[in-house]
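Taking the hints into account, I'd like the entire structure generated from these sequences.
Protein chains in written order, with the numbering used here: chain P, 4 to 510; chain Z, 4 to 510.
Where hints are given, some of them may not hold.
Copies of one chain are not kept apart here, so a pair can be met inside one copy or by any two copies together.
What the hints assert, rightly or not - With a straight-line Cα cutoff of 30 Å, these simulated DSBU-like cross-link-like pairs (lysine-lysine) come out:
id: 1; residue 1: Lys109; residue 2: Lys133
id: 2; residue 1: Lys19; residue 2: Lys324
id: 3; residue 1: Lys393; residue 2: Lys183
Keep in mind that the hints were calculated from the coordinates and are not lab data.
These numbers were taken from a predicted model, which means no experiment stands behind them.
2 protein chains.
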Amino acid sequence: MKKNSSYQSLVRHFTKIRNLQHLGAIASWDEAVMRPQGAGEYRAEAMAELHVLLNDLLCDPRLPEWLAEAQQAASPSDSWQAANLREMAREVSQATAVDSALVEAKTKASMRCEQTWRIKRAQNDWTGMKPLFQEVVRLARLEAQQRAAHSGLKPYDAMMDLHEPGMRSDQVDQLFFDLKNFLPDFIQRVLARQRSEGVLRPDGPFPIPQQRQLGLKAMEVLGFDFRHGRLDVSHHPFCGGVPHDVRITTRYQEHDFADNLMSVLHETGHALYEQGLPREWTHQPVSSARSMGIHESQSLLFEMQVGRSFHFLQYLSPIMKELLHLGPNEQAWSPEHLYRSLTRVKPDFIRVNADEVTYPAHVILRYEIERPLIEGRLEVEDIPEVWNQKMQQYLGLSTVGNFKDGPLQDVHWMGGTFGYFPSYTLGAMNAAQIFQAVYRDCPGLLDDFARGDLSRLRRWLGERIWSRGSFLEVNELLRQATGEVLNPKYFKQHLSYRYLERDWTQV
Amino acid sequence: MKKNSSYQSLVRHFTKIRNLQHLGAIASWDEAVMRPQGAGEYRAEAMAELHVLLNDLLCDPRLPEWLAEAQQAASPSDSWQAANLREMAREVSQATAVDSALVEAKTKASMRCEQTWRIKRAQNDWTGMKPLFQEVVRLARLEAQQRAAHSGLKPYDAMMDLHEPGMRSDQVDQLFFDLKNFLPDFIQRVLARQRSEGVLRPDGPFPIPQQRQLGLKAMEVLGFDFRHGRLDVSHHPFCGGVPHDVRITTRYQEHDFADNLMSVLHETGHALYEQGLPREWTHQPVSSARSMGIHESQSLLFEMQVGRSFHFLQYLSPIMKELLHLGPNEQAWSPEHLYRSLTRVKPDFIRVNADEVTYPAHVILRYEIERPLIEGRLEVEDIPEVWNQKMQQYLGLSTVGNFKDGPLQDVHWMGGTFGYFPSYTLGAMNAAQIFQAVYRDCPGLLDDFARGDLSRLRRWLGERIWSRGSFLEVNELLRQATGEVLNPKYFKQHLSYRYLERDWTQV
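See the structure below:
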């Protein structure tokens with residue numbers, strides 16, 4: 004009785020944590036979408052107060068005892084309860100690994116660094132940025148050491164584990180080594196091929212209300228549940244809120260409908276995962292999304308494998324033409340030309356604007372810098388040079404003196420986040436592998452897409468990914484869903500079919 | 004040193020409370036303006052979690068000791084600190100007065116009752132509403148008794164004190180007795196006079212984007228600080244958020260621009276008070292608005308004394324004509340006809356739609372029902388009959404069988420709020436008295452209005468009301484600002500000048 008009640012105490016405690024996180028999630032969304040300019044400081048203070056409170060709740064001294072008792076008493080037949088206890092223990096362990104003075108110091112330093120970065124980036128001012136960034140790195144190294152000591156992992160792995168549970172840098176090394184060998188030559192062949200391929204692009208401007216209508220239509224086709232979510236506008240698109248109230252955002256540019264449409268498809272992919280998480284475990288850690296790499300696989304799958312497929316564009320083409328076709332160039336709205344323009348490859352400086360072929364180069368470059376940086380084998384002042392070398396090597400671009408399009412372009416490091424970048428490319432690999440499995444299990448799937456029917460895809464993902472929450476570890480989730488653990492060959496296959504063979508019957 | 008640190012502990016504790024209330028305020032705004040339909044239940048749970056947490060923080064057992072030590076150690080010369088301690092003690096006392104089981108039971112019963120009311124009101128179903136409402140009344144009576152025992156006040160007074168600190172029903176009786184004698188005959192005289200007064204009304208529809216533009220222009224003229232607030236849309240207009248981020252809302256009807264404009268002026272009045280609260284005491288109880296009656300005085304002053312004045316309409320008339328004038332009837336946009344239509348009196352069933360002359364009758368009726376109800380001298384089943392009697396007596400209207408336009412029209416009682424209604428009419432009285440004082444201190448004030456210049460009015464209110472927060476008790480605030488404590492003669496004067504004498508040089 005006592006032991007069973009320990010589990011109930013844990014359930015109650017995590018319900019409290021999730022309820023308060025719910026309010027924090029709404030306030031974060033509001034921060035990006037609604038907050039008037041002058042209220043930033045007080046909002047930041049209120050959010051910091053909540054984070055301290057949540058950290059205190061996870062460091063509650065009663066939790067380890069409750070966990071031990073509940074684990075002993077757990078029925079072996081109730082595997083979801085066991086998984087929930089495992090995930091509770093993970094959250095507690097991550098929160099207690101770092102001493103609170105360091106948490107506070109790093110939070111403050113990161114906030115200061117990020118605020119300054121918003122100005123210094125625009126000024127291309129690396130030197131002015133360096134002192135604050137060095138302080139963030141110093142504290143992140145300490146954090147990594149404390150997490151390593153607590154978990155027995157290597158320092159960088161301990162940081163990556165926060166976003167990608169179970170993933171280790173040895174495995175990332177292997178996966179990225181494989182891609183690094185494949186990509187440079189592949190990119191050149193794609194570029195050569197695309198040089199001879201004519202692309203007609205629709206003429207803008209594309210009025211924003213019509214772009215919004217197109218986005219809402221796409222969300223509807225993908226299966227977004229508007230009773231449990233909304234679409235709004237922010238500077239950078241994101242997916243926020245809580246599973247019962249998923250808030251995705253996009254941005255509009257009058258001369259670029261594709262940026263808007265693709266960001267809506269991407270964020271809707273994230274949203275479908277959140278909306279499909281197991282409701283019977285709401286508020287419990289086991290009901291959370293499995294990892295950032297799985298989350299990104301869902302957004303990329305709907306943006307890349309579905310949204311940029313020839314078949315789905317066959318469905319979208321007449322809708323887009325009706326909503327957005329204002330100029331004379333009707334042929335540009337054909338599925339063929341939409342497909343060509345939405346799969347155009349161009350090596351460039353900025354990660355967030357990269358196509359799916361060159362994107363991994365941006366991620367590998369960052370991984371190869373942030374890992375030695377956290378391990379103390381690379382210093383902040385060496386970053387620009389290493390950055391430039393790797394950009395030359397992977398994409399043939401020089402970033403000498405161009406900090407704002409080089410190491411100052413991303414917010415992650417400035418905000419103290421290290422070990423996150425691999426998740427983007429793990430996501431792309433997961434997406435290709437998962438999609439290949441759906442394709443195998445659902446004959447004629449691409450014809451569904453051409454009719455705007457995503458129901459079989461949604462059902463497959465819902466059953467094998469979304470509704471499983473954090474019930475399984477990442478490897479086992481992928482194995483049960485696709486038949487094997489992560490294998491980079493599917494991503495390479497996807498790129499080859501799409502970008503070299505131009506085989507529309509494949510993905 | 005120990006004692007001084009008690010005060011610092013209190014300051015820190017209340018900063019934490021206000022930071023968490025900040026997130027709750029944003030979530031409440033989101034609930035009314037943004038939340039998708041399906042997320043209601045989980046949002047309610049998250050909000051309830053926050054309320055429990057805030058109540059726990061106010062019932063922290065260390066607080067009485069800190070308060071006692073800090074009060075002993077307080078420097079007599081620091082009157083703001085003393086006032087802050089008084090307001091801290093008030094919040095602690097209000098939170099600890101009711102036992103937590105009752106708080107929880109009443110919160111749940113009220114939530115159930117309010118949810119059911121949204122359906123039953125539309126169905127005019129008093130009988131179906133009665134059981135849930137009786138349970139709310141039963142628990143509210145218990146709450147009133149516990150608050151009475153804790154404070155030494157009478158039960159109803161203990162409830163009213165939550166909204167109107169220091170106000171007692173003996174004084175409300177006197178103020179309302181005076182109005183009750185004045186109003187019925189006065190209303191008849193105004194109706195007789197207005198019968199012979201021709202009013203031209205502008206023809207709609209008035210496009211919503213133009214209505215919004217007019218509202219934003221009016222907010223700008225009143226001095227709303229858009230760096231610290233926003234205007235959005237909700238079912239019922241309200242003023243929410245926090246002083247650094249004030250969220251006001253309005254609603255739009257294509258055929259009624261006046262409803263929108265007047266609600267914007269009203270909520271902007273609330274917002275100006277919030278934005279003008281003392282920033283150097285942010286997060287501390289002494290920086291909060293003084294009382295609901297003072298809050299309502301600011302909204303009513305800007306809606307009634309300013310917004311519906313002939314002089315301000317002289318300023319607004321050309322702006323309104325330019326934005327909204329689509330039909331042929333140009334004369335209807337003259338200041339004279341706008342003034343006549345915006346000061347038209349018509350006894351009707353619904354409080355929230357009432358003009359300023361008949362409004363007090365709605366409030367007095369509710370006060371005369373809720374007070375004996377809380378004191379156990381009146382039962383729920385007797386309410387419809389008493390309601391009808393009083394409506395007949397005060398406004399000459401029958402509500403027999405018409406529950407939805409009778410006792411089911413307001414949410415307050417259904418949600419467990421008793422002792423709040425008097426604040427509306429206290430607000431109207433405060434507004435008239437305060438405005439008379441400004442008028443006296445600022446010669447030619449109405450000419451300012453005719454030029455759209457509210458700077459002298461804002462400065463006066465900012466110095467004497469807004470920036471004082473809760474530094475003074477209500478009586479003293481009014482005495483220092485206007486020269487005397489609340490005197491109902493100013494409200495009667497305001498009504499007489501405006502509605503009988505039609506004297507535009509007075510207010």
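Now for the hints, and whether the structure bears them out:
no.	hint	in the structure
1	Lys109 x Lys133	within (16 Å within a copy, 56 Å between copies)
2	Lys19 x Lys324	neither (49 Å within a copy, 54 Å between copies)
3	Lys393 x Lys183	within (11 Å within a copy, 84 Å between copies)
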